[in-house]
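Asks: The opening position of the sequence shown corresponds to residue 895 in the working numbering, with each subsequent residue numbered one higher.
These are calculated hints, taken from the structure and not from any lab test.
Just so you know, even glycine gets a beta-carbon here, dropped at the ideal spot from N, CA and C.
It is possible that some hints are incorrect.
What the hints assert, rightly or not - Label-pair restraints from in silico Cβ distances:
no.	residue 1	residue 2	range
1	999	1031	41 to 47 Å
2	1068	1048	30 to 36 Å
3	971	1104	43 to 49 Å
4	1091	975	20 to 26 Å
5	975	941	22 to 28 Å
6	1054	1023	41 to 47 Å
7	1004	967	31 to 37 Å
8	940	967	23 to 29 Å
9	936	1145	27 to 33 Å
10	1101	975	39 to 45 Å
11	993	1132	41 to 47 Å
12	940	968	19 to 25 Å
13	1094	900	30 to 36 Å
14	1019	1108	20 to 26 Å
Unchecked claim - Calculated pairs, EDC-like style, for lysine to aspartate or glutamate (alpha carbon to alpha carbon, straight line, at most 16 Å):
no.	residue 1	residue 2
15	905	959
16	1028	974
17	1012	959
18	905	957
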Amino acid sequence: MISQLFDLTGKTAIVTGCNTGLGQGMALSLAGAGCNIVAVNRRSAEETQQHVEAHGVEFLAVDADLTSTVPIDDILAQTEARFGGADILVNNAGTIRRADSLEFTEQDWDDVLDVNLKSLFFLAQGFARACIDKQRNGKIINIASMLSFQGGVRVPSYTASKSGVLGLTRLMANEWAAHGININAIAPGYMATNNTEALRNDPHRSQEILGRIPAGRWGSPEDLSGAAVFLASAASDYVNGHALAVDGGWLAR
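All chains should be modelled from the sequences, with the hints used to inform the complete structure.
Replies: Below, the structure written as C-alpha cells:
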C-alpha cells in the first residue's frame, strides 16, 4: 500500500536544532509518521518533547553546541545507547549573521561556517560510518536555502555555507549512495521563523519578498512536513543528491 512507503514506525531520527521553528516542525512530522526523535539542541526542547511524545514515540534530548565538532561523538554514542543507532539524520541546526560585505568580520564568517557547514559535514560523516559499519540503510536530509541557488545580500557567510550544503549533498550522494544511504536536501523558501524576523519586521523588504512569491505568503514550519517525511521514508529510496525547494514558487518567478 502507498501509505506503507511513508511509514517510519520503529525508525529513529537525529534532528539538530529542533527546539523551535523549522526543526521543530520536521521533528513533529517525523514523529507523526512513527519515528523516534533524538533532539540535538543548545537550549531546552521541552515543548518539542511534549508534542513528539504525544504521538506515542520516544524522545531523547541531547544537549550540544554545534559551533564545534566536539559533541558529535557523544551525540552518536547516546543515540546508539538508547536506540541502537539512527536511521535518519536531519541536519537542520544553523545560524546567520547580517552585515554589508564590506564590513563583514572574520568572526561572523567563522561562526556561521562552523555550524552550517563544518558540523553538518562531520555529523553526516559519523552517521554514515555507523550505517556502513552496521550495514544499515540510512537517510540524510540537509537543510539548504534559497541562497544555495542565489547570492542574497548582507549575508556572505550564510550564502557561502548554504551553497556549500548543496554541493556537499551532491558529493555525499556520489560517495555514499552505493552503501544504501540516501542524501538529499530541503531548500526552504522565505519562512516565518526567528531567522527571518528582521526581514518580516521591515515593511519595505517584506513586501518585496512577498511580491515575488507566487503563493503570496511566508511559509510555515508545517509546510516542510511532507517533504521531510518523503525524504526520510522508503518513498524516496531512488532519490539521491536532490535539493527539494519548498518555496511557494520563489525560484520559479
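Asks: Work down the list of hints and note, for each, if the structure agrees.
Replies: Here is what the structure says about each hint:
1. 999 - 1031: 41 to 47 Å: 42 Å, holds
2. 1068 - 1048: 30 to 36 Å: Hint holds: Cβ distance 33 Å, inside 30 to 36 Å.
3. 971 - 1104: 43 to 49 Å: 45 Å, holds
4. 1091 - 975: 20 to 26 Å: This hint is violated: roughly 37 Å between Cβ atoms.
5. 975 - 941: 22 to 28 Å: 25 Å, holds
6. 1054 - 1023: 41 to 47 Å: 26 Å, violated
7. 1004 - 967: 31 to 37 Å: Since the Cβ atoms of residue 1004 and residue 967 sit about 22 Å apart, the hinted range of 31 to 37 Å is violated.
8. 940 - 967: 23 to 29 Å: 25 Å, holds
9. 936 - 1145: 27 to 33 Å: Since residue 936 and residue 1145 have Cβ atoms about 31 Å apart, the given range 27 to 33 Å holds.
10. 1101 - 975: 39 to 45 Å: Violated, at about 50 Å.
11. 993 - 1132: 41 to 47 Å: Cβ of residue 993 to Cβ of residue 1132: about 42 Å, so the range 41 to 47 Å holds.
12. 940 - 968: 19 to 25 Å: 20 Å, holds
13. 1094 - 900: 30 to 36 Å: 32 Å, holds
14. 1019 - 1108: 20 to 26 Å: 38 Å, violated
15. 905 - 959: 25 Å, violated
16. 1028 - 974: Distance of about 11 Å is within 16 Å: holds.
17. 1012 - 959: Cα-Cα ~13 Å, so holds.
18. 905 - 957: Given that 16 Å is the threshold and the Cα spacing comes to 21 Å, the pair is violated.
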